[in-house]
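*Asks:* Residue numbers (UniProt numbering), protein chains in the order written: chain F, 1 to 168; chain Z, 1 to 330.
If you're looking for bench data, these hints aren't it; they were derived computationally from the structure.
With a cut-off of at most 25 Å between alpha-carbon atoms, the simulated PhoX-like pairs for lysine-lysine come out as follows: (1) Z:Lys-58 <-> F:Lys-63; (2) Z:Lys-315 <-> F:Lys-158; (3) Z:Lys-315 <-> F:Lys-153; (4) Z:Lys-12 <-> Z:Lys-2; (5) Z:Lys-324 <-> F:Lys-158; (6) Z:Lys-3 <-> F:Lys-158; (7) Z:Lys-312 <-> Z:Lys-324; (8) F:Lys-158 <-> Z:Lys-321; (9) Z:Lys-312 <-> F:Lys-155; (10) Z:Lys-321 <-> F:Lys-20; (11) F:Lys-158 <-> Z:Lys-2; (12) F:Lys-20 <-> Z:Lys-315; (13) F:Lys-138 <-> F:Lys-20; (14) Z:Lys-315 <-> F:Lys-138; (15) F:Lys-145 <-> Z:Lys-321.
Selected chain Z positions facing chain F (in silico; Cβ < 10 Å): (16) Asn-82; (17) Gly-84; (18) Met-86; (19) His-213; (20) Val-300; (21) Arg-307; (22) Leu-310; (23) Lys-312; (24) Glu-314; (25) Lys-315; (26) Gly-319; (27) Lys-321.
Bear in mind that the values here come from a model prediction, so they are computed numbers and not experimental data. The beta carbon of each residue, even a glycine, is placed where N, CA and C say it ideally should be.
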Amino acid sequence: MPETEFQVNGTLIWYYYICKRQVWLMAHALGPDQEDNNLYQGRTIHEFSYQRDKKEINLGNIKIDLVRSEKGRLIIGEIKKSSKFLTSATRQLQFYLWQIEQMGIAACGELFIPEEKQRIEVILDEEARLELETATKKIIDIVEKAAPPPAQKIKWCKPCAYAEFCWA
Amino acid sequence: MKKAIYVFNEGKFKRKDNTLYFETEQGKRYIPVEDINEIHVYGEVDLNKRFLEFLTQKEIILHFYNNYGYYSGSYYPREHLNSGYMTLHQAEHYLDEQRRLMLAKLFVQGASANMLEVLKYYHNRGKDLTRALQSIGNLIDRIDESVSVEVLMAVEGNIRDAYYSAFNTIIDKSDFLFEGRNRRPPRDRINALISFGNTMTYTACLSEIYRTHLDPRISYLHTTNFRRFSLNLDIAEIFKPILVDRIIFYLLARNMLRSTHFENKMGGILLNDKGRQVFVNEWEKRLRTTIKHRDIGHEVSYRRLIRLELYKLEKHLIGEKLYKAYVSRW
Numbered sequence: 001m002p003e004t005e006f007q008v009n010g011t012l013i014w015y016y017y018i019c020k021r022q023v024w025l026m027a028h029a030l031g032p033d034q035e036d037n038n039l040y041q042g043r044t045i046h047e048f049s050y051q052r053d054k055k056e057i058n059l060g061n062i063k064i065d066l067v068r069s070e071k072g073r074l075i076i077g078e079i080k081k082s083s084k085f086l087t088s089a090t091r092q093l094q095f096y097l098w099q100i101e102q103m104g105i106a107a108c109g110e111l112f113i114p115e116e117k118q119r120i121e122v123i124l125d126e127e128a129r130l131e132l133e134t135a136t137k138k139i140i141d142i143v144e145k146a147a148p149p150p151a152q153k154i155k156w157c158k159p160c161a162y163a164e165f166c167w168a
Numbered sequence: 001m002k003k004a005i006y007v008f009n010e011g012k013f014k015r016k017d018n019t020l021y022f023e024t025e026q027g028k029r030y031i032p033v034e035d036i037n038e039i040h041v042y043g044e045v046d047l048n049k050r051f052l053e054f055l056t057q058k059e060i061i062l063h064f065y066n067n068y069g070y071y072s073g074s075y076y077p078r079e080h081l082n083s084g085y086m087t088l089h090q091a092e093h094y095l096d097e098q099r100r101l102m103l104a105k106l107f108v109q110g111a112s113a114n115m116l117e118v119l120k121y122y123h124n125r126g127k128d129l130t131r132a133l134q135s136i137g138n139l140i141d142r143i144d145e146s147v148s149v150e151v152l153m154a155v156e157g158n159i160r161d162a163y164y165s166a167f168n169t170i171i172d173k174s175d176f177l178f179e180g181r182n183r184r185p186p187r188d189r190i191n192a193l194i195s196f197g198n199t200m201t202y203t204a205c206l207s208e209i210y211r212t213h214l215d216p217r218i219s220y221l222h223t224t225n226f227r228r229f230s231l232n233l234d235i236a237e238i239f240k241p242i243l244v245d246r247i248i249f250y251l252l253a254r255n256m257l258r259s260t261h262f263e264n265k266m267g268g269i270l271l272n273d274k275g276r277q278v279f280v281n282e283w284e285k286r287l288r289t290t291i292k293h294r295d296i297g298h299e300v301s302y303r304r305l306i307r308l309e310l311y312k313l314e315k316h317l318i319g320e321k322l323y324k325a326y327v328s329r330w
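Chain F extracted, bound-state conformation (with noise of 0.2 Å):
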């Protein structure tokens, strides 16, 4: 039995490319502020949009937010709240179709945000593979430590909502 059956999941892909700590506190189980306006946006953005799509969908221990099929093409997608953090969501759906691709599935990619009516398309190559790879084994070792990375100013401090945690 391994020590720990801790597995790197996409939304910790997504908090590694904004926030180290927030990696941490979320693998912890330590969610943030349920009652944080942003996070009951994106909540409600999610519930509300692509009703006609199959969504939620779980596939190992990652979470695949919307499946649908266009021409023939198996398409992944991932609902954001808006284009704010392209490199983490790209990275984060890049993760999808890198599992996926490990599970023997060939699909594409595409970032849904439904807010700003954009649909982005992402591709997982080598670099992205690479990176992710790279990704993986640091998040494993942040989260390994016994203690979160010690909270630190950054731009995405502001809307976070895990904000008042870190700076009571």
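Given chain F's structure and the hints, the job is docking chain Z onto it.
*Replies:* Just chain Z now, with coordinates in the frame of chain F:
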């Protein structure tokens, strides 16, 4: 910010599709479920399982009080925030006597500092509170010297006595003479107000704990073993002086509460329905009042301050940052 709802009359709680409503003989009152996070029930109500399941789904906590306004219990929905990591650290700090004592001291220090702030405010406004200020000042040194939680509890009792001894000077009304703290039943009107207000603080703290990863059953100053919820009692110590006592002084100074708001019951004196409403209105107003928080960088309400206190405790438990209680600067 989500609201608390208070129910004083008789009626039925119901769920209709995705809304809640309260039905009385006078009619129906709809309660927007997304807007509330707690319901306080003083009146006689009927409710069913469907209603409770809906509350669970919406993570709404329901607090019940009996006819005399005493807390009788809460419908505490299934935990929605679980972190084994946090629970282990919370228990670890209880089981290790030194760590438990340290946290208990920090709570008593915070509570005492807030009592001092309340007294200083009135002292600076012409009430001679020199004696109480001095005795509390002397007793505060003994907090740190306490070798066990039991000794600490006794010191805390002495501090509270010295603090309460100043109440008659502050209030200065013949209808509201305070004869020292007593409860169950309270023997005078001030005791009735303190008991009522303290209960409000306990339930407010419990509601906030529900929104964190902390387990309300594990506390440090109060003993964990003998009751269901106790962490809320620890946290409430910090806030009782700045919330409850300040409200009491405020309402009495403006004659918003009079002797007609009380009644004799059960061989004691209790607030009547009208009195409770006056208190609850002011209570809600207070909890929504915001103050500028220096570390957070924006305005926070008093209700939010309770949450921040819990965040600080969480950070203490996981070894991130030493807990330091909130001390009012008025």
